[in-house]
Amino acid sequence: MSKITLFSAKKIITMDRNRPEATHVAVRDGRILAVGGADCAAPWGEAVVDESLADSVLMPGFVEGHAHMMAGGIWKYAYAGYHDRIDPEGRPAPGKTTIEEVVEGLKEHAAGLPADAPVIAWGFDPIFLPTERLNRHHLDEIAADRPVAVLFSNFHLMCVNSKALELAQYSRETNVEGVMKGADGTPNGELQEMAAMFPVMRRLGIDFRSISADREAVRAYGRVAQRAGVTTITDLFATFNPGDVDTLLEVTGAPDFPVRLVPAMGGTGAAPAEIAAQAAALRGRSTDKLRLGAVKLMTDGSIQGWTARVKWPGYVGGQPNGIWNTPPELIAELVAECQKAGVQTHIHVNGDEASEVAIDAIEAAGRSHPWAGARHVLQHCQMMGADQFRRCADLGICCNIFANHIWYFGDQHVALTIGEDRARRMDALRTALDEGVRATIHSDAPVTSLAPLFTAWAAVNRQTMSGRVLGEAQRVSVEEALHAVTLGAAYTLKMDGEVGSIETGKRADFAVLGADPFEAGAEGLKDVPVRGTVLGGEVHLL
Amino acid sequence: MSLPPLPLTVIGGYLGAGKTTLINRMLRAPGGRRIMVMVNDFGAINIDAELIEAAEGDMMSLTNGCVCCTMGADLFMALGDALDRRPRPDHLVIEASGIADPSRIAMAARAEPELAYEGIVTVVDGGEFPRLAADAQIGPQIEGQVRAADLVLVTKGGAPDLDLRLSVLSGAPVARLEEGTDATTLLLGQARDAKLPVEGRGHAAHVSWQGTGPVMDRATLEARLAARPPGLYRLKGWVRAPEGGVHEVQVVGAGVTLRHLREARETQLVGIGLRGTFDPAEADRWWRGG
Ligand SMILES: [Zn+2]
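Protein chains in written order, with the numbering used here: chain H, 1 to 542; chain V, 1 to 290.
The shape of chain H in the complex, shown without the other chains (with noise of 0.2 Å):
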């Protein structure tokens, strides 16, 4: 017989409606045998008890359903975000609240590196420091004989260096959209999408696919997942190569990584057919820390950016509608394919255009290939309105709802693309949940900081940064914001029966606290630190 281990904990917050809370939780092989007294593992004969837990509030792992393999490979460079973040291996990566901030920063981690090597950052987001646009001359302060370049959190700009456009042959004479010039005609280091970045990304040797994909990339964010509590983590829009996925299972499999990841393959590249049945192919290859077999599907871009596809009367600027990234036609064919397979999909949504798109492809394909189980999802979900929640609903379709948005981007929502009224109903968990959706809420990693706490915390208070509330009407109890985040988002991985609460069969995934959410509180959620996961029974504290 297999050994029996008996955790002791300050309390248990099982998610479990038979048994809310409980004080020991017992584990055999990996799962969940037992839960309640410290008497609960009786029955089944000795155990060990675990008491490196016991001054912890145990509760399911968190689940993150909407995240980005980069948001672990992206640390091998220097941070230069306007919010506080903490890097993998745990160490403080403090915000940058002025641009002398950011190069301050950069001085000091360029003192660190090679003398040939680039310097690179990332996250900047210039929408926090309106005061003065960084350029190539604050980059100069950096360093003056190798290249400098900081991308934008957005990941569509760049800012470099004198040295880094010399690289790019970029001058005076340079007539390409997207390399901007200063008052002097000259490029003032700003460089914007990827056409105009491509040159010096080449030089640099910044390649996002390697910071997605190569094992030490898989290895981080199985740490930022640690981190965050997060026991089980999506990768949407996971593209797969040859011997990639020999690469995630030897690296998911080994004892030390910490998460179940879930990678979503993006439905480009291939005829629909085709990607619905390699889609389905890879399902063959899942284990149980590794989840393959969904598809991800673009549809639209951000509203921030003014790409998302908005219904009338569009953005309050008055600038034109957003663009489609897949014509509404292939969506729909895209759709059709995957459910013919049998096969998941997750489809990006931003603007109601979007989803109103979605959905109808799935009625469609629904009518064709039916399939009550199918648990498409709808990802961001940023402007549904009820009536598309009902349609949700009546269609069994999940919504994963971009909670940390309205922190995050809320006043710009309402000064600069959408307006008050439609920004006060964005991201709706409430009506969500009211109208019967099955709803989780995201945190889109690296886009914004991974720790399901504070996305849980935004969906209750929708505070935005200056410190308004946004949308009352629309905020949720702590108990629903803590389901969303666990049992709410494992549905829409299909895999609620195995993890999203701490319950007899389930597998054993906690994560450790340092206290206990509901006794902080709507206001004190996001602060509640987090010490570790267990996974399957193993412990892994940080």
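None of these hints come from the bench; they were simulated from the model.
Check the hints yourself; a few may be wrong.
[Claimed, not checked] In silico EDC-like pairs for lysine to aspartate or glutamate, Cα to Cα no more than 20 Å straight-line:
#	chain 1	residue 1	chain 2	residue 2
1	H	LYS163	V	GLU114
2	H	LYS11	H	ASP516
3	H	LYS3	H	GLU51
4	H	LYS311	H	GLU420
5	H	LYS311	V	ASP135
6	H	LYS76	H	GLU274
Chain H is fixed; fit chain V with the ligand onto it per the hints.
Below, chain V with the ligand without anything else, positioned relative to chain H:
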């Protein structure tokens, strides 16, 4: 070792417009070039793998997704791979996805010193275009693809007034792609060492023209190029400058690039125009200043 820049042509157009058919046709008559094709659109017709081999070419499939979902980084990373290929291909052709703005891809050829801009060709299904352009959801992006074009190729019919509409929208020459048309030279230009006549199957879509002669200052040359005859799709070569050296001339569609080089060369221009629209005799009169 410094290699000549890799010419890049972007083929745009909506799903089913005939982009793949066009590429297959170029591969069938590559004119001695090693053409590398990057495919970003997948439909009923696929690039013929046998043609790729026969043309000593190369193919890469792309995904256009990425971390934050909308930047299309994969395509550019693949561009980097193409540049790193040895031997480097003679020409890179990117088939843009059905909804993509081809100019966002082609801009890379203007930005990257190791790439040479060889134009945007937008393929239009003549029968479908009016309906697509009027579609409230995708109409603006469909028209945007035509607006970005240096050359518009119409496949599959269309009303008589369509060509005029496309030409007004794009400001570029509009040609019909008939069954059996050999469009390779028109689209990709003369092969680098095309001394020997290249036999393509089918009839050529282009007419060639050559000009020699005068020394010209930059302002005169700019004015002359601005008045170039209709249907002249590409123009390449050198014009002697009075101050010494030459103006290097590069015209693709609507785009004119002039660069002063300190090289001693004779004035020599090679032009390619659309058969039926472009008249070499008219070009002679134009170049002589008549
Ligand atoms: Zn995302």
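May I ask which of the numbered hints given earlier this structure violates, with the numbers listed in increasing order? Those not satisfied come down to hint 6.
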